[in-house]
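Respectively, the protein sequence lines represent chains A and B.
As numbered in the working numbering, the first sequence has no gaps in its residue numbers, which increase by one up to the final residue, 207.
As numbered in the working numbering, the second sequence has no gaps in its residue numbers, which increase by one up to the final residue, 1305.
Think of the hints as simulated: they come from the structure by calculation, not from any bench.
Here the structure is a predicted model, which is why all the values come from computation and not from measurement.
Take the hints with a grain of salt, since some may be wrong.
To be verified - The calculated lysine-lysine pairs, modelled on DSBU-like cross-linking and capped at a C-alpha distance of 30 Å, are:
{"no.": "1", "chain 1": "B", "residue 1": "K1099", "chain 2": "A", "residue 2": "K190"}
{"no.": "2", "chain 1": "B", "residue 1": "K1099", "chain 2": "B", "residue 2": "K1058"}
{"no.": "3", "chain 1": "B", "residue 1": "K1043", "chain 2": "A", "residue 2": "K17"}
{"no.": "4", "chain 1": "B", "residue 1": "K1229", "chain 2": "B", "residue 2": "K1043"}
{"no.": "5", "chain 1": "B", "residue 1": "K1044", "chain 2": "A", "residue 2": "K172"}
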Amino acid sequence: MAEYHLTGPLTDADVEKLNIGDMVYISGEAFTCRSRLQKYIFDEKNVLPFSTAGRNILIHNGPIVIKENGQWRLVSFMPTSSIRFEKWGAQSVDQWDLKMIVGKTTMGKETAQMMKEKKCVHVSPRSVSPNLWIDSIEVQDVYLYDELGRIEAAWFFKLHELGPFIVDIDTKGQNLFDRLDEQISENKDKALQELGIDPDFQFTKLY
Amino acid sequence: MIKTEVYEQALFETVKRGATEISADVKEAFEAAIARESNPDAKKGLIATLNSMEMSAKRENPLCVDTGWPIFYFKVGNQCVLEGGFVELENAARRAVAKATELGYLRATMKHPLTGYDPGNNIGMNIPDFTYQFVDGDSIEISYAAKGGGSECFGGTRHRIVAFADGIAGIEKFVIDSFVASARAGAVCPPSVLGIGIGGTANVAANLAKEAACLRTVGSKHPDPMFAKIEEDLYKALNSLGVGILGAGGDTSVLAVNVEYAYTHIAGIACATSTNCMVARRASSRIDANGKVTIMRSPNWFGDR
């Protein structure tokens, strides 16, 4: 497993060298989104009010940002679960020309397929450590604040060695968590046997 | 009579502490998990999380950006008298949550379930949530739990009626299947504090599971050996899965397994699970009849466990 320090905007070559299990630290310009923004763009057919060219790192996140003396101050940051955005995953990779999505959990098969086609990766945190991250993030700007509210708005961040994150979907379409599922499933069967429970135990059907 | 300004200030301080300070028992569980972790990346992740949590207390910022559903538990003495009564207690709790949100200790996370409207203060229909328990005495104990979206939204909280024919094996199979599915890719933010409710109607089991996840002291055991054995067996079983911190592999998948029970109907055993995320945020305070406020180390919801 290798460690990489990448600076956005990311190129195909930057992400093609990454394999599941690698650790990355990220610098450069990124933006955030949650469900509301993706629904607003992809379902409600609004136009994204900014260009993602030169800003091809997306962070699934609803940060706590407050205004102090006319300046934005990031109070807390933690990537949120990407899996719940699977409905819009492939579209966001395709239409926003993303090279990296940062989010907790992972994404599904449709997004992974689009990531393979368009050369994009998904990376995931291995800790819940907002205080080790907020000093690596500069809040630059915000879009759709009035329309979507301060949590669901698109925040523009400048990242300075933000990480570490583990690559869980790479450009070959591999998913780290699919691999882990196999091991966990085997461990589960052993754990059930230890408890004297048949792994193929069938519940009495009540409804 | 306990004055409004006294309990309102205590409510605010309890919310703030719950959002920004790691509980002593959770910290001990983290230290033990770090000591035994054999996966180097998982160990780094646990250390980073603990470091960040310790920094939150100093910086007075949230332990996690998702500050969760605001939930209050009140253990009230039968002779406890509050200025303005319990209606005012709940109003004061709402004001405390709104103030904590305005000051950035809580994120404005609560929204209308259909329109998505964000009131900006975490206050809305049936939110915050209030639960009461009545005991002898004239004091009131306040516990605040912040139940995160990860821990609640990805199948960590679920319910099944298990037939008597399936018994303990059915209960344990249900719990293990549920946990594996919900912890995939770290969805419920493991290592979890897993609460299990056995018996009662479905909602009673679900409430017991949530209270076991949020209010039991991490590391405590159920006093009844039958339930203590289920806790111990499931703790070992779940920690043998290799789920690890945020689901990317490791030795610690649960920080605790806490079981609570109620008598049930002869027709079946309601069984519910509730995972609390690794941060397991909560704080408790007691207010005596003379207005003296004491910070409590543990919620004392289930007595000394």
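Going down the list of hints, with the structure as the test:
1. B:K1099 with A:K190: 50 Å, violated
2. B:K1099 with B:K1058: Holds, at roughly 20 Å.
3. B:K1043 with A:K17: 26 Å, holds
4. B:K1229 with B:K1043: 28 Å, holds
5. B:K1044 with A:K172: Holds, because 27 Å separates the two Cα atoms, which is no more than 30 Å.
Violated hints amount to a single one, hint 1; each of the other numbered hints is respected by the structure.
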